[in-house]
Amino acid sequence: MATLKFTDGELAPCREDRATEITLAEWREGARPEAGRFALALPNDAALDEVAHALARFDAIILHFPTFKDGRALSQARLLRARYGFAGEIRARGEVLPDQAFFMARAGFDAFEIDCEAIESFRTALSAFSCVYQRSSDDRAPVYARRAATRAAAA
Amino acid sequence: MKAVTGNLLSNGRVVYLAADDHWTERLEDAMLLDDADAEPVLAAAKSRIREIANAYLIDAENGAATGQKALRETIRASGPSVRKDLGKQAEPRS
Amino acid sequence: MYRYDEFDETIVRERIAEFRGQVARRLSGALTEDQFKPLRLMNGLYLQLHAYMLRVAIPYGTLSSRQMRRLAHIARKYDKGYGHMTTRQNIQFNWPALVDVPDILEELADVEMHAIQTSGNCIRNVTSDQYAGAAADEIEDPRPWCEIIRQWSTLHPEFSYLPRKFKIAVTASAHDRAAVRVHDIGLRLHRNAEGKTGFEVIVGGGLGRTPMIGRTIREFLPKEHLLSYLEAIMRVYNLHGRRDNIYKARIKILVHSEGAESFRRAVEDEWSGSDKAAVDPPREEIERIRRYFAPPPFEKLEPESAAFDKARAADAEFARWARVNAAPHKVPGYVIANISLKTPGAPPGDISAAQMEAVADLAERYSFDELRVTHEQNLCLPHVKKDDLYDVYRALKAAGLGAANIGLASDIVACPGLDYCDLANARSIPIAQRLAERFAFSGEEDDIGDLRIKISGCINACGHHHVGHIGVLGVDKKGEEFYQVTLGGSPGEDAALGEIVGRGLSADEVVDAVGRLVDFYKDHRREGERFLDAYRRIGLERFKEALYGDAEIH
Ligand code: SF4
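Going line by line, the protein sequences match chains A, B and C.
Each residue of the first sequence is one higher than the one before, starting from 67 at the first, in my numbering.
Each residue of the second sequence is one higher than the one before, starting from 75 at the first, in my numbering.
Each residue of the third sequence is one higher than the one before, starting from 33 at the first, in my numbering.
No lab work stands behind these hints, which were simulated from the structure alone.
Each statement offered as a hint is correct.
Within a straight-line C-alpha distance of at most 20 Å, the following computed EDC-like cross-link-like pairs (lysine to aspartate or glutamate) qualify:
1) C:280 to A:136
2) C:510 to B:133
3) A:135 to C:65
4) C:112 to B:165
5) B:120 to C:66
6) B:120 to C:65
7) C:69 to A:136
8) C:308 to A:205
Residues from chain A that face chain C, not an exhaustive set, calculated with beta carbons under 7 Å:
9) 135
10) 137
11) 140
12) 141
13) 165
14) 169
15) 197
16) 202
17) 209
18) 210
Ideal placement from N, C-alpha and C gives every residue a C-beta, glycine not left out.
Sequences and hints are given; from them, build the entire structure.
In structure tokens form, the structure reads like this:
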């Protein structure tokens, strides 16, 4: 296993920088982050409201893909970024395949727990598309904005 | 009796496992297995993932599909019943 | 119609490159079939009984002649010379090889077409009124909104791994030809009291195992907020739709179990908390897309055409075809010419490569280069001058496409069924063929009038049997084909689900039994009363007696 991380737009396996993990159940029992790096691991049916006020105390949120077909964590990541303004690391755990990586990155994930051999296919997958139709959690401009920019440049 | 069938990965054509471990296009040429022997043969066929997209067992007797899925397997083995000009029913035996 | 710009083209080409890579990984064994299957499905590729099947999107049913010619070319070069039009404005090729599919997709991309998201648990091809832009009763052309939805839903990062497939339909006419009440989301453009146009948003309709009529969760949505509102619905569904049971995973189950009111509240909460400006396209983008759908340069014509009247008087067959297959156009002197793909005796919805080319020629010559495919598995030429209609008819007839049966008993919708489909319980096509022959060749069709027969080969209901006036569902009874009949369904603005009449019938019985239903209707209808209305008035019980005839007495 390796964790792939985006840093300054570059994708690289990250150094051993293991944050202390707190699960949602532990959180409910009163576990709280103190000194050091902390990650909150959420199941994909967790309502984010419950932890919203405490998100800023965590360095990372770990979201779960029990199977690659289960896309709930994509909405969770999107909400964490867009609604709750979480700026820390959002890490994908579980069945994390290269073919979903582009969507994950767009939804707000910036770290992926994957098999070491899969790193190259992740790199390829993450650069598969140079244009996108929607605005999402990444900084890609949707094509309608690029169209407007092209028109403005031509005018 | 059972036979192993599937669709070839590269082109989707319906095939059956023949006695020499090759895939044959004709149900008549399929290797017939006793029910008890069928599972391990199927497992071995399934592991040939670069050749076959899916593999499963059917009931067959004397070169024809039998049992509850007989109609479905007969259509697979011959072609659409509404287009006699298509599928294996339209192809001369080579 | 819409034309790709460099960005649209890039997305489609990059998608093909990605899929080519995935196919290579599958062929090399790097991907298992289980891992590959969802990837190929999201590119429209199924594995069916005989071979792979490629489903190509015809977004909101609009095609140019160039695109139709390319479909014909693909049918010849990579398939067996024909295609099948589905009930969702897609075309299916039944015999492609996996190794050829990336090349087929490149050939489609050359004419601005694709197979993206025609299957899989994602937002599928958006469907619409086949008469869009031509219908006399429409408020505005719904297709710009369809195209806006197409772009937004394509490779959506958040909504590509939904609990289940997701279908959206849009209409802008009082007469609903898009069946919006039986879609996951139905959108109906209408005018409110202040004269503004906006969407009625209907959620949770659908056919399949648990058929339901959708519920309106918003009477009036300002058009410019369409996408942010759709995102709110999709997010609620993605987070809360069931994933533990494939039969309970569609949004209709969520809407039903939560209750429409509580679902509506969840959507409105989500929507009000969302950053609408980030999602809704800017006005100039909406305008940019709308411009592609500007009306073609119609001529100023008299409403009546002497040439048309003369031809009708001289050729009774043509007169009948025109009466049955032509529909009113919003511009004087023009009509919408429907092309039936239900030639009695032929598989419903199938069209040969030569016929595709013939139709493409007609579209180019007589209909501003435009063609439509309908969710009832037919085609239409949306803008034909009455003056030209006779020429069009003769060319269609020469191509074997002259059937005059739109909306009549032999215009039967039927899914591919057990002749092609891996999921089928029973064959659909032979039943459709026998019924169509019975009604068409007996010459009683005109007398029977408006009758929608719809046939599905299994509970997935691709043949929309639940919304047929007469629905036929294939079931498997200990390895034998049986057919269950439903009555009283309708897909339109008076949407209703058919009621199951009773025990299943064998293939031989069902054709005569449906014949008896129609005879019973003819004997008991009132002046001008449609089959559906007679059924609604008389009720299930008496039709049931007719269906089973003598058989029930024993
Ligand atoms: S209704 Fe069933 S048999 Fe017919 S096409 Fe759909 S899945 Fe196949």
